[in-house]
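Asks: The residues making up each chain are set out below.
2 protein chains.
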Amino acid sequence: MSSFRIGLAQVNCTVGDLEGNTARILHYIERARAMQVDLLCFPEMVITGYPPEDLLLKPEFITGNLEKLDVIVRHSAAIALVVGFVDSRDGLYNAAAVAYDGELCGIYHKTCLPNYGVFDENRYFQPGTKAPIFVINGVSIGVSICQDIWYPTGPASRQASAGAEVIVNISASPYHAGKRDLRERMLAGRASEDTVILAYVNLVGGQDELVFDGGSMLLDERGEAIARAKQFEEDLLVADLDIASQEVHTRVWSLESGVPLPDSRLFPARSAEIHDRVGEIYAALVLGTRDYIHKNGFYRVLVGLSGGVDSSLVAAIAVDALGPENVIGVSMPSRYSSEGSRTDARLLSENLGIEMRVIPIEQAMDGYLSMLAGSFAGTQEDIAEENLQARIRGNILMALSNKFGWLVLTTGNKSEIACGYCTLYGDMAGGFAVIKDVPKTLVYQLAGHKNSSAAREIIPRRVIEKEPSAELRPGQRDVDSLPPYEVLDPVLEAYVEEDKSLDQIVALGFDRKLVQRVISLVDGSEFKRRQSPPGIKITPRAFGKDRRLPITNRYRSS
Amino acid sequence: MSSFRIGLAQVNCTVGDLEGNTARILHYIERARAMQVDLLCFPEMVITGYPPEDLLLKPEFITGNLEKLDVIVRHSAAIALVVGFVDSRDGLYNAAAVAYDGELCGIYHKTCLPNYGVFDENRYFQPGTKAPIFVINGVSIGVSICQDIWYPTGPASRQASAGAEVIVNISASPYHAGKRDLRERMLAGRASEDTVILAYVNLVGGQDELVFDGGSMLLDERGEAIARAKQFEEDLLVADLDIASQEVHTRVWSLESGVPLPDSRLFPARSAEIHDRVGEIYAALVLGTRDYIHKNGFYRVLVGLSGGVDSSLVAAIAVDALGPENVIGVSMPSRYSSEGSRTDARLLSENLGIEMRVIPIEQAMDGYLSMLAGSFAGTQEDIAEENLQARIRGNILMALSNKFGWLVLTTGNKSEIACGYCTLYGDMAGGFAVIKDVPKTLVYQLAGHKNSSAAREIIPRRVIEKEPSAELRPGQRDVDSLPPYEVLDPVLEAYVEEDKSLDQIVALGFDRKLVQRVISLVDGSEFKRRQSPPGIKITPRAFGKDRRLPITNRYRSS
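Protein chains in written order, with our numbering: chain B, 1 to 558; chain Y, 559 to 1116.
Don't take each hint at face value.
[Stated by the list, open to error] Straight-line distance between alpha carbons at most 20 angstroms, and here's what the computed EDC-like set of lysine to aspartate or glutamate pairs gives:
| id | chain 1 | residue 1 | chain 2 | residue 2 |
| --- | --- | --- | --- | --- |
| 1 | B | 58 | Y | 1051 |
| 2 | B | 179 | B | 233 |
| 3 | Y | 616 | Y | 575 |
| 4 | Y | 1086 | B | 526 |
| 5 | Y | 961 | B | 366 |
| 6 | Y | 616 | B | 526 |
| 7 | B | 545 | B | 498 |
| 8 | B | 58 | B | 30 |
| 9 | Y | 1103 | Y | 612 |
| 10 | Y | 1103 | Y | 1084 |
| 11 | Y | 1071 | Y | 1061 |
| 12 | Y | 616 | B | 523 |
| 13 | Y | 616 | B | 499 |
| 14 | B | 513 | B | 489 |
| 15 | B | 403 | Y | 943 |
| 16 | B | 403 | B | 325 |
| 17 | B | 545 | Y | 1084 |
| 18 | Y | 1024 | Y | 1044 |
| 19 | Y | 616 | B | 325 |
| 20 | Y | 688 | Y | 742 |
| 21 | Y | 1086 | Y | 940 |
| 22 | B | 403 | Y | 939 |
| 23 | B | 58 | Y | 1036 |
| 24 | B | 58 | Y | 1056 |
| 25 | B | 179 | B | 273 |
| 26 | B | 528 | Y | 612 |
| 27 | Y | 737 | Y | 1051 |
| 28 | B | 58 | Y | 1081 |
| 29 | B | 179 | B | 276 |
| 30 | Y | 961 | B | 385 |
| 31 | Y | 1071 | Y | 1044 |
| 32 | Y | 961 | B | 497 |
| 33 | B | 58 | Y | 1057 |
| 34 | B | 58 | Y | 1055 |
| 35 | B | 403 | Y | 944 |
| 36 | B | 179 | B | 497 |
| 37 | B | 403 | Y | 940 |
| 38 | Y | 1086 | B | 54 |
If you are wondering where the hints come from, they were derived from the structure by calculation, not from laboratory data.
The model shown is predicted, which means the values in this text are computed figures rather than measured ones.
Just need the whole structure built from these sequences, with the hints factored in.
Replies: Written out as structure tokens, the structure reads:
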């Protein structure tokens, strides 16, 4: 039996942190070497972080990444490595270096460059054309990068037909709900079509609006996943591949187990737990929030607590991301705030164990109304006065942020942001929009998930059950301005995520006038979204780099 | 003599306005037909407007554009047309249709797709591979699109060597300072290298952060520009080309002249006036502002007038764009506003002939300070209190905007926005950031230009001469926080526009500590820029689609 020990180092690196990322890579090399790993694989562009965007246009950034690659190669004594980096010989390439025993053995250039959705790889890179095979300890290895493996006729297939026994795919594949399953099915197809062992290592961690979910895996040549790394956490998967018999034995273990490596090389199978759909999304939101805050040098956050389900969910996510001691709730009641809202906000903060401050907004409101009395004379109360309330709250949160260095989390959901049912510089004011890509109906599911996984009522039941209201005028209810969320959300999904036309959405069974109104709200609020803080992508199309629409746009769907 | 009459219709279309753009195209066809034009050329993607961005992902949008092309083709009786559109046969193409006498004669697909700077054409389009020649009234015409002509070995050269007598290039080429000259030099090179007559028609008009400056032109086979259309205005250039003698006679006239077409076909040469550098930039800012406001359905704007040069310049641009009756100045003095500032704001508004409202901000400030007294107890006055003042001003402008439907223009310049010397939701609050891409030193030049072109003091001399201050605390001066602008601006240009490293900038003769501080300010304020309104690109690299940097970014130049 020819046994080959492979390691997949699913690391959480930070864009631009060449020094820190390299230190993390060296750390994993040391641990893998101690485990007698033959080949250790790191994700796509692990040295630079992904996506570095226009940092790639800075020549010194490219040089810096090459210098770090040299350092890493020098640390490959007695271990083979596959490491993602940016190559700059005769053009810029998204590349994988193969190193062994202190030598750079070869370089692979990514062939299929994604330039859709959140991706802009044609902006920076030239496509590679070669599909080399590397022989490591007598095993033929084909190296490919991310998108390369998504095409049935891509470089991995060429490598497999040319005799590769193992295909390594190093990825930086951003999360959306269900992406892990999609990936596993795709990889299973590729492994079984090509009759090849597939080692897939994905980045983990949050980067602005993206979350990389990890979930690295090994599949045998029948397409069976025989080992899965954790989702949303750093992990090191190690497995012995029985190459001679063309089988992957399920001898897999993780670094975290801490169990010293037995000589027998026989280990129990290991597969990290797979989340259910809502739990997976919740975990993505927690990781995305934690990494945005920490990687940007913040520790504590502020959340305006209205007593509603959106801000309650955001506070719960923040507590899971940062700990209750790092989350400060601020309740900012006005004359229109119900007693229930105040009580609910207080109850939530008690359940979460966070500090809550109460700052009523009436004094500033009176000041504004008196200052604007001349200009507003003879007009009716309208959106101007409503927005003033939201903006006072935004200002209070920002004043606390400026004074104490705490980052403000905004609490708007995707349904609101899609329709412009939110106030620029008001409830949209803050550094990070945690649930920006979460439709309201999913907000309720996530709140339910939080309570059931805590096995107690963290988010008060009343908060989940009461009718949604912005409480900016007496008796206001969301349904006065928007269709009920059970109707709105599928219409938004069809229009925003699937680019369906008015006619096509009506054909799904929705009222034409209602759909027209929704489309008009979405189209008319592009200017607001352009000024919103980034938030975590969890759907196939988020508001952000995924969806690039002009503000000046006279097109209306028919 | 074989004379061939060509027309270049430099139109101002609106993204997404398939109906309106088509009506405009048909209007120009009628006028050109009346002038016995043989071939009338419209800019790149004139039917959809440029850039339509992700509207291109909507199948119904593509279908709509094809239906409009059919309408246009049917209107080509007795005239040949070149019209930019989006083709969707076997993929999506940035395309030019050639039509004559009611028939679609052929289609050209853009070969060189720009995917750098503000461009994302690989996101949508496949590149064409063919370089056909069309024979119109016995003249051989090569059609190319924008970027195609920028490469010496592109399709136009292939067409010229294959016998094309005239190369038509239809463009949507966005403006930056000096781009017109750059374009003319490039086109002159291409015409003389290929010994071919070159007809270049460019879009005109503002689209979000872009201004298309028109400046269409005809060059003879020696590379001499023999006719130039206006910059920053719609125009129709018509000329008779003497093909047999391989010469372009300078018989050129414009639609605007209103002179009926003489039978002799002999006209005086015509070349629109070329602006000087600062005048050109001023005109770009006026057009960009006017089109953003009007194309988004607004008529009146609000400008907060501090008495400083930035807001004075913005108000002057707004008046030139929209008329004094559509610009409302708002002076919002605080306890720190000097008497001079108030007087200067009043004087400016008198010079411009605009309404000015005065709304002191003290009452709201008192409200906030009292509301925050508990939280702020024991702290020193700092940026938190300064930002509150800026945010109260932002709120007042937005309240007036919400109440009356007027759009707020922000007044921050590029130097401030680069360094983060601006307040999110404060002076950054508004719909359009007119001078976002204008460095402070250029702000002064533009203010001087305004006064000299008006031949009187519009922007008060005191405003131009006094020391810059944000007036957010007693005795505050910009130089307390930033290097002098004469030093800062070239450092910013080197870092932001040219991607120079710290070492490279120091090598230009700047102090290392100063450069380090500037770089650190720029890198640390990416989060602010991400939430800023769009503004007009006038440099080779503006803050916007041009420059895509991660917020989460630990890279620091060395």
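Asks: Sort out which numbered hints this structure fails and list those numbers smallest first.
Replies: 8, 19, 20, 23, 32
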